[in-house]
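Novice: Chain B: place on chain A using the hints.
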Amino acid sequence: MDWSKLAQLTVAGTTLGCMYALIALGYSMVYGILKLLNFAHGDVFMIGGFIGYFVYSALGGPLTPSVPVAILLMTMLVAAAVGCGLLGVAIERFGYRPLRNAPRIAPLISALGLSFLIQNSALLAFGASFRSYNTFELDNGRLFSRGIHTSLVNVSLMRLLVIAAAALLMLGLMAYIRYTAVGKASRAVAYDREAAEMMGIDVDRVIATIFFVGSALAGVAGVMFGLIFQNVYHYMGFVAGLKGFTAAVIGGIGSIPGAVLGGLFIGLAESYADGYLPQGSTFQDLWVFFILIAMMLLKPTGLLGKADIRRA
Amino acid sequence: VTTPPPDPGIGRDEWVDREVELRDKAARVEQLLARLPVAGRLGLVVAAAALLPVVISSDYIVRVAVNTLIYALLALGLNLVVGWAGLLDLGYVAFYGFGAYSYALLSSNQFHLHWPTAASVPLIVAASALLGILIGLPSRRLLGDYLAILTLFFAQAFVTLVSNANRITPPGHRGAVDFTGGPNGIADVDNVHLGSHAVHTVRGYFYLSLIVFVIVVAALYSLNNSRTGRAWRSLREDPLAAQLMGMPVNWLKLTAFAFGAAIAGLTGTIFAALQVGVFPANFDISLLITIYAMVILGGAGSMTGVVLGAITINVVLEILRTPDPARMIFYAFVAAALLTWMRPYRRLALVLGGTIAFGLLAHLLVTWLAPAATRGEPLGGGFLGHLTNHWVILLTDPTTPGNIAYGALLLIVAFLTQIKGIWRTLLIGPTIYLAAFVWENRLVANPSVARLIIVGALLVALMNARPQGLLGTARIEVA
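Those protein sequences? They're chains A and B, same order as listed. Just so you know, the first sequence maps onto residues 1 to 312 in our numbering. Just so you know, the second sequence maps onto residues 1 to 479 in our numbering.
Only chain A is shown next, with the shape it has when bound in the complex:
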């Protein structure tokens, strides 16, 4: 048994899993409240990657950054979070809210159209070429040369930062949903929208808040994708969105700890498939697809989902 390989794959899988978890959280929260598959969520992730890229370039890029690296990274993450959060609110306002009482197929198809519209608008505006973050050059490569380097495993500082940031965001989100007034209101709306409305909760506002938070997390994940994998491109949101949704389903849709667990599960599974299965890297999508099918057959409610997910 090659322990070093296993450890290395685990690190890669955890990083990937953190990104999927951040995407899955947005899916899961929106599904919990609106019972809507927000197909455009993956494209919000993509836009996040691009916002990060443009902030990065505006602040001097990898070779001549005009601000310290810590501030640079922070600005990118915050800009992507705010930008994507606003985009998410706009998507809800114009794409889904008018259809809230329509037949259920209407918002789903609207979501599909929105996803396609955003993806191709990005293609028009940003072009088909890959945009490189080139973070290896940042700070003389110290983000990658530093970190934990032992004979067993190498974890670059960049990965540590990404994992730590993701973990912090997830904990923050759980606290937000659990303890704040808006969080409580959102749980109430998810449980029973009509009753919540009768209790004086401003449902529209809660839904908009959830869209903002979920999309902001996706935007952060988009920047992380660029930081780790270097390239951002207009169609990166589609597959990432599919896997994020699979993560949400595996964890039990509507459950926040479930989304985190599901994301890590998918990330690790993909990473191990990459390392141990023949041609694992070319067929990553297929392995995740098989996991989804297996999960639906064995435990359709997901790891932490409730037994009854039937719509009211």
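Source of the hints: derived by calculation from the structure; they are not laboratory data. Here the structure is a predicted model, which is why all the values come from computation and not from measurement. Please note that a few of the clues may not be correct.
Have a look at the derived ranges for each label pair, beta carbon to beta carbon [stated by the list, open to error]: (1) Pro344/B with Asn101/A: 28 to 36 Å; (2) Tyr176/A with Arg63/B: 52 to 60 Å; (3) Asn101/A with Lys420/B: 15 to 23 Å; (4) Ala26/B with Asn101/A: 31 to 39 Å; (5) Phe333/B with Ala167/A: 47 to 55 Å; (6) Gly127/A with Arg63/B: 28 to 36 Å; (7) Leu360/B with Gly127/A: 30 to 38 Å; (8) Asp13/B with Ala195/A: 48 to 56 Å; (9) Ala218/B with Ser129/A: 44 to 52 Å; (10) Ala167/A with Ser222/B: 58 to 66 Å; (11) Asn101/A with Asp13/B: 32 to 40 Å; (12) Thr180/A with Arg227/B: 48 to 56 Å; (13) Lys420/B with Leu171/A: 42 to 50 Å; (14) Asn101/A with Leu387/B: 43 to 51 Å.
We put the beta carbon where it would ideally sit given N, CA and C, even for glycine.
Specialist: For chain B alone, kept in the frame of chain A given last:
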């Protein structure tokens, strides 16, 4: 039997009478059409279509007609699943791709198989149906949303599989085997042939697709009026009630899925033979969205509707490829939209006049201020192009300002949907001008992207404005 007393004519209104008479006239025409049997109506349409290759000499137009028929077949199959049974099948193109790849594998030099069409096509159709059942199985107990995500993932998995299955080592085999040709696809696929007769020309494929179209329409029509068709509709309206009435809900879902997949698979074989090759990019998500746009535009649930939707969208997308006709389509669409929605006509005249004046003024001002930056030429030229050259600002270097204007256009359109009254009327003119600016400067030069953007925007707009499409039933529920 007593004769009814003569109408005293009390409380009659001349205007109402006239309106009623007009309505009755329209109803009489409809009745006349309705009295014609369905076979007759289909026959009329098919006879008209069959004349097309005789009348038109251009192979290009016949080729577009064949593509339209293929799209119409795909839309009919998707309509069965989405419109009748109410299942959101997002993996539909994968079945189409499965049919096309299966045909290519069985009739090309990839494995040196050259099966006769009469053997391969029935086999492929059956295999597609079986695959449909297999994909539907995991989600049979679950809600429509899970089906949607599973099938969407299936579509993606299919593309991944065929683009990478060119160096697979099967267990117990030495060396890698090339199954699907990877990103290069499979070329040199045989023509459709029965015995010694083979279809070689585009015209031949037109008649072949037309025959298949007639068979599929006839089969679907009788299927829709059968026990199963009624059961699907009840499943769509209320799955719980259907189950309570003793309907085998799961089985019905799976059969709907299988029928849809079979039609897609059959269409795929025609496509593979027509294109003389198959490539992974033929079966990507943009095709799925396009077929959905056709079904939704025409009205899910209505066979006439989805066929009309397929014709409209395919022809429009085809016209968008060349700049000058694309320009005509754009301005015609703007004019038609204004004519339909702007009332009273006074306001319409005001908006039109205002828009033209606004444009002329803006053009004059900007060309005067920055003559060097506005030396763009209208792409494609043409009469309309020269006309708009004096109205729309054409930039020398349109890329970046065009992108900014595109973003601004999206924002303004979103804002327009939120305001009412005089402000909306005032804002419509500048919005149209901005749209024309984006169109002439950015979209006309990128027809491939513009097509996709239009399809996506169409879906969102349709869902917000008229979810039932042109001819659809008012309400389609997804289980």
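Novice: Please go over all the hints and tell whether each is borne out by the structure.
Specialist: These are the hints, each one checked on the structure:
Checked against the hint of 28 to 36 Å, the pair Pro344/B and Asn101/A passes, with Cβ atoms roughly 31 Å apart. A hinted range of 52 to 60 Å for the beta carbons of Tyr176/A and Arg63/B is consistent with their spacing of about 57 Å. For Asn101/A and Lys420/B, the Cβ-Cβ distance of about 20 Å falls inside the hinted range of 15 to 23 Å, so the restraint holds. With their beta carbons about 32 Å apart, Ala26/B and Asn101/A fall inside the hinted range of 31 to 39 Å.
At about 51 Å, the CB distance of Phe333/B to Ala167/A agrees with the hint of 47 to 55 Å. Our hint of 28 to 36 Å for Gly127/A and Arg63/B holds, since their Cβ atoms are close to 30 Å apart. At roughly 33 Å, the beta-carbon separation of Leu360/B and Gly127/A lies within the given 30 to 38 Å, and the hint holds. Separated by about 50 Å at the C-beta atoms, Asp13/B and Ala195/A satisfy the suggested range of 48 to 56 Å.
A hinted range of 44 to 52 Å holds for the C-beta pair Ala218/B and Ser129/A, which are about 49 Å apart. Range check, Ala167/A to Ser222/B: about 60 Å between beta-carbon atoms, so the 58 to 66 Å window is met. For the hinted restraint 32 to 40 Å between Asn101/A and Asp13/B, the CB-CB distance of approximately 37 Å keeps it satisfied. Separated by about 55 Å at the C-beta atoms, Thr180/A and Arg227/B satisfy the suggested range of 48 to 56 Å.
Taking 42 to 50 Å as the suggested C-beta distance range, the pair Lys420/B and Leu171/A conforms, at roughly 45 Å. A beta carbon spacing of about 45 Å between Asn101/A and Leu387/B agrees with the range 43 to 51 Å that was offered as a hint.
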